[in-house]
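Asks: Take a look at the letters that make up each chain.
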Amino acid sequence: MKVFSKYISKHLLSFIRLISSLVVLNIAAFAFTFYSAVSKNFGSTSPQNMLKEVAAASSSNGITDEAERMLITNFLWAMYLNTEGSCNWTVNLPEEIPTEYSIQDIAIFSRGYLKDYPVFVWSDENGLLVIGYPQNSYMKITSNYYPIDTVRKIPLFFLGILVFDLLVLFLAYSRSKAKISKNTEPIISSIATLSEGKSINLSVSGELSEIADSINKASNIISRQNTARANWISGVSHDIRTPLSMIMGYADRIVNDKNASNQIKEQAAVISRQSIKIKDLVQDLNLVSKLEYEMQPLQKENTRLSKLLRSYAIDLINSGLSESYSLEVNISPDSENSMIECDTKLITRAVNNLVQNSIHSNPKGCIITLSLQITENRLLLTVQDNGIGISAEKLEELKNKPHYMESIDDRLDLRHGLGLLLVRQIIEAHHGTIDVESRLHEGYKTNIYFSSNPRP
Amino acid sequence: MEQSFLHTKKILLVDDEPELCKLVIDILSDDGFSNIIDAGTAQTGLNFARQEKPDLAILDVMLPDGDGFSLMKKLRTFTDIPIIFLTAKDEAADKLAGLGLGADDYVVKPFLPQELLLRVHAVLRRCYKADSPLLELEGCTIDFSRAEVNKNGIIVTLTAKEHTLLETLSRNEGRIVSIDALCEALWGDNPFGYENSLNAHIRRIREKIETDPSKPVSLITIKGLGYKLNARK
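Just so you know, the sequences run in chain order L and A.
Counting from 1, one number per residue, gives the positions in the first sequence under my numbering.
Counting from 1001, one number per residue, gives the positions in the second sequence under my numbering.
Bound-form chain A, shown alone (with noise of 0.2 Å):
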């Protein structure tokens, strides 16, 4: 994964299993997170995030003494920080969906490491901006904080329509983004018959990034899906 800057995100684990803990805990600093911290209950869990103040918590939903959601509630006062739901329910996971708690997502037990893993990263690239505003492509470099381009030495300037879709496309680096979404970030809900002007932004974009606008190399078209960005490598 490229987004080393997310690696430095402190991550809060809250479960009473040990031996899942420990999985977790692995999983997450063979991906890179160096900066993790694990509660066995609810109370510690609160204590924790209180003393460290972690830029993400992972809760299970079953804990000793009382459950992940009242923990979140109780976290809620005091933080805004995103939250990863553990659950072994499928009904918790649509009591989480239906009732709208504000957790951030949600991982079903049993679960794949990567399958975590996207959902940390993908959590993580949503509530934390890259340090660094700058986005390094094959033909040139995006300053994203003055909403400009520079393409071997030539400054272009990116409209606020171009600077969403690009934004958007590079908080999902490498991964592609389904049509529907980026019309939701460019025109808000429901967009219907948007897809000619999401076309020609797109040109547009790809006229001041690519080296060659026909040929484009870093925003790729996924056919009949969407488009995906690809950093260089």
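Looking at chain L on its own, in the form it has when it is part of the complex (with noise of 0.2 Å):
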């Protein structure tokens, strides 16, 4: 029903008007032509006109000179046959017209034709005017006969040949739709791919293959702004590492000086957190920008999330984990052999973000609880803490408004790192799902689901 109503379209209805005036036009077009036909059939010198004016003029003996003068002038002849089949009186007779006739003859002439003339015939008690017209002049229809039930089926006739003719356009119709919508069809989906910022390359042959080359270059286009912007995204953040190592190496250095001062290793401790702050920054502005513009291959292979998680949460206690902090793995025993295609490298950057924006959020620490588990057949990763949470208006507005690196709005809300918009970027490029759960003083939740192959 859905195919047929596409096709029942505003299109359609002006279809239809069309093709009712262009009836109307018919009509008149034709009604125009044939006025003259009509007025001449039906003007002074038609056959019924003419027959009863000479009728009236003439009578079995003769004609009077004025109808004689008129049949003349007008080209016509006649003649009077009395009941006995022969000429009382002629007018203008034609030579090979005979003066004598049998009841065949007049039966078969008085519905036709006399010798090719078109003749018309008008009885009286005496006997039987015949008016003859040029040759050429009328066509008679000397079989006019139907049966009554044909006749009377006309209507449904024509009704049946109207609903044929409307099936037929409307055929017509539905298939040059069809053939345009197939032909439009690449076109308007890559036009799709290319409103959402992605590149296409479209080959359309035909009329359409200038639409389809400009649509190319546009895109060819799109796709070198991304290039530049994602390269020069990718410039900056390699010429502020090398500063910032320096930056970050004597702060902390400052840090742990047993010749500074309190003061001293304070302020050196401020710009150590800071710069570490600008550090993650720029690993995650390098990265999103490149995941953005699918300018960053996925590396995937076969990995247990297990084993990764393990050595993830090592690697951050052996790295010297401050002690405020917990950090527990729970693997549930059905998902421990679990593998899934994934980068691993990104798949632990995304883990550690949501780790890093737990550490963040709760400075005063927390415990925080990486879990895997199997539910409904999918692979539910669980990053979790038992920290001050976030309030039920926060959670909607993280949920549902785009990111500043996202928005074209100009009240750009800046509070949010890029770190929680990587992950998410991250686990969509794994063709995984992801939702946060929270309220406030109850935690902060992460859910990543991930279809998976779980192997024994």
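With a Cα cut of at most 30 Å, we get these calculated DSSO-like pairs of lysine-lysine:
(1) K265(L) x K1022(A)
(2) K345(L) x K1223(A)
(3) K1228(A) x K364(L)
These aren't lab readings, by the way, just hints derived from the structure by calculation.
Grab the two chains, each in its own frame, and use the hints to assemble them into the complex.
Replies: Okay, here's the thing in structure tokens:
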């Protein structure tokens, strides 16, 4: 029904309007063309009129001069046959017309022609008045009889023709429409892809190839701009790294310098903390822009997520996680050996961003739990903390508001780091889904679902 | 850090940024490394490597006369010393991991001093065994060269698997080693379902090294993650 209704569109309506106006136009043209013929038929020289006038002006014995003149000026001839079949009088009779007739002769010509002259007859009590018109001036239908059944069926027949015609027209219409949409389909879908900022390569032959070329050009421009933007971000983030290394390194050395005063150490600690923020931002920014413009090739390999989570947790603990945080890893037995195709570095990055988010949101410390389980045939990776959480409004905002990297809204909200956007991008690149649960003072929980191929 | 024998190792640093060079040297010497040579170009780095025979090379990827990768290829023609790359690009790190150039590790700039030290220590530990084969624990002494445990004068021998396990743990002394890494050390790649066997080995080791095996102090379980071996303080 949906497919059918596609064709009953406003275009169909205008199509029907066009056809009806065409019919009206045809009728008008018909009426105009046949007006003269009709007026001739019913004008003063029409056979009916002429018969009436001549009959009135004549009798079995003769014809008035006036009527005779009228016949001659109109190139007509006339004769009066008596009941025996012979002529009482004639006017302007052509040579080939005989003057004696049998009953059979009369029966035949009275309905049609006499020697190819269309003739019209008027009978009175004494005989038969015959008026002949010039050859090829009138066509007489000599076999105009139809079964009454057929005549009764005429309206039905016309209706049938009408329905059939409409059907043919509709078919032609829908076929042409289908053909157009088939040709424009790839163009429309690639414009849709283009509008998402992705690049396309369209190949269409025929009349629409010019449009396809233009779209390809537009796509090239967009992808060039995307590449330039990603390269620009990558270049900036690259150039920041070496100086930042030194800022971080020396600030850290001052913090651990036994000779420095406490005040200086505290100030250095601020520099150190803030430089780490810049470091995270630089790393995230680069990766976000690459994922955004699909310039980061995923290096996927079959990975045991349980192992990935453990090794991440151990690295974090071994690198010196502050005492106020505790990190737990819960792997359900059925998910222990579940494998997924993934880029381990990116997934580790996503997990790290979530854990760091928990750490930054809870400066007083919290318990962070990484867990892995199988629910409804999907692998569920959860990063959860028991910290301060966020309010319902904030959560709603986090879920629905586009990130400033993706928004063209001028009122940019720069408070949210890139970290969570990056998590979403990484998970989407792995065809996973992500959702967040949180309540104020009841912790923050991120669920990541992967379609898995569990292996024993 | 406990492994003082590592601090005697000679480190070659090649970086064209003098200030960064100084920072790295400061970080390393503060930690206890006393033998550090630094070079500003790939060529001088190569010369130093031939003359001084360092035990570890830290190379910047971007050098004024060629990149760190080709320098590493040249180094590899005459030495097998471990190499750590300093890189300012995530991509370079990917390239290192992907191409399997044989680098031992890489540190992405910007890095924290602890991060660099961690990598240097890990690589050195992995590549150079302790000069002394003896490991002092709270309740005993382990002699790796003889695969023996001396607990209060009583000598117990270690099986091959127990030896491998303890060696893996002692190389990462004071740090957690994951279940996965231990299983891989014992049974090779992708060991599935060996956790129970691992538990059994750990239990038997504890009986040999712990004073009270039910209350371990040297070989500690980190729930859900792995194990940690603590040396005597």
